[in-house]
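Participant: Sequence:
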Amino acid sequence: MKTDVLCMGEAVVDFLTDETDKGIAGSASYTRAAGGAPANVAVGLARLGLVSAFLGKVGGDQFGDFLASSLSSYGVNTANLIRDPEYLTTLFFIAGRSDGKKDMLCYRSPGADIMIRPDEVSEDAVKNARVFHFGSLSLSRFPSRDAVYTALGYARHHGVFVTFDPNYRATAWDNPLIARGEVLGAMQYADLVKISDEEWQTLMGDASFEEGTGRMMEMGVSLAAVTMGEKGTYYRTANSSGTVKTPQVAYLDSLGAGDSFMSGLIYSLLSRGMIDGKHLLHDKPPAPSIAFANTAGALAVTKRGAMPALPGLNEIAELLGKYGTEGAKLC
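When you line the sequence shown up against the working numbering, it's residues 1 to 331, in that order.
Source of the hints: derived by calculation from the structure; they are not laboratory data. A hint or two may mislead.
Unchecked claim - Pairs of lysine-lysine, DSS-like flavour, derived with a Cα cap of 27 Å:
1. Lys245 x Lys303
2. Lys101 x Lys2
3. Lys101 x Lys284
4. Lys245 x Lys127
5. Lys231 x Lys127
6. Lys245 x Lys101
7. Lys231 x Lys322
8. Lys22 x Lys245
9. Lys231 x Lys245
10. Lys303 x Lys284
11. Lys278 x Lys231
12. Lys127 x Lys2
Just so you know, these numbers come straight off a predicted model, no measurement behind them.
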């Protein structure tokens, strides 16, 4: 089956504390939500009307049932969602803080998501996608790390455009130096990389945005985007760079905002005809696509949870209309 975007990685269950500044152990109640960055991106793309599919593994438990039904309910193709009765579905406990940051605890010892094997990766699924998207959490353990590189090899062989959002989560890695090495290694397979300012220093060191994205260009990345929340997004291609503003909205919860941005960016680049095989076409400016993605990300922070907060096309168009052409201008 032909798909617009195949997303590979973790599908997890998030438990969000119902109280702020109580911490994970100090909270008496939680709200359950389907999550996992690549799974969120798949849902976001489906919400925007693209044909999206998910490649990954969940447990043969009731949480796995919940994730499978959640993805399907949003219109994501789950033909390559593997159920493994030998392992439990990975859980994340997330405590909100009044400063906007979050405390996270990952239950994954091991979780089903990191037990996907290279032989379980469908070459046809990768070959038949216009875009292959992945994150870094699957790179933190074996055998999922090898499975990701198997998929990346298929994407390179078949000329599939590759997008990468590291989405660094300290609780999923043994130490940040290992994470940095794995992320930089995987970047060499990517055509588009999105990274947040919060994870920048951990993954890119003391380099400025200009210097760091310049290194990405040398690795073969065609478009690099550094998201800065309400401050906008810095972007760079081989022949252009700039910062695009983000619309100001009423903040509720940032969970899933980066995934919403990523969904919006991929959607806009595809809909504007800027992706041709593995090539990012430079006959159109990338700033309008960054503005669209910023708007998608902004809308996600106005609701609670990841998947439930991902906006549809009409919502983005409405806010982008209010935002006007200013969003496509450089700051």
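Participant: Please go over all the hints and tell whether each is borne out by the structure.
Facilitator: Hints, verified against the model:
{"no.": "1", "hint": "Lys245 x Lys303", "result": "21 Å, holds"}
{"no.": "2", "hint": "Lys101 x Lys2", "result": "39 Å, violated"}
{"no.": "3", "hint": "Lys101 x Lys284", "result": "36 Å, violated"}
{"no.": "4", "hint": "Lys245 x Lys127", "result": "35 Å, violated"}
{"no.": "5", "hint": "Lys231 x Lys127", "result": "37 Å, violated"}
{"no.": "6", "hint": "Lys245 x Lys101", "result": "21 Å, holds"}
{"no.": "7", "hint": "Lys231 x Lys322", "result": "18 Å, holds"}
{"no.": "8", "hint": "Lys22 x Lys245", "result": "33 Å, violated"}
{"no.": "9", "hint": "Lys231 x Lys245", "result": "7 Å, holds"}
{"no.": "10", "hint": "Lys303 x Lys284", "result": "32 Å, violated"}
{"no.": "11", "hint": "Lys278 x Lys231", "result": "30 Å, violated"}
{"no.": "12", "hint": "Lys127 x Lys2", "result": "9 Å, holds"}
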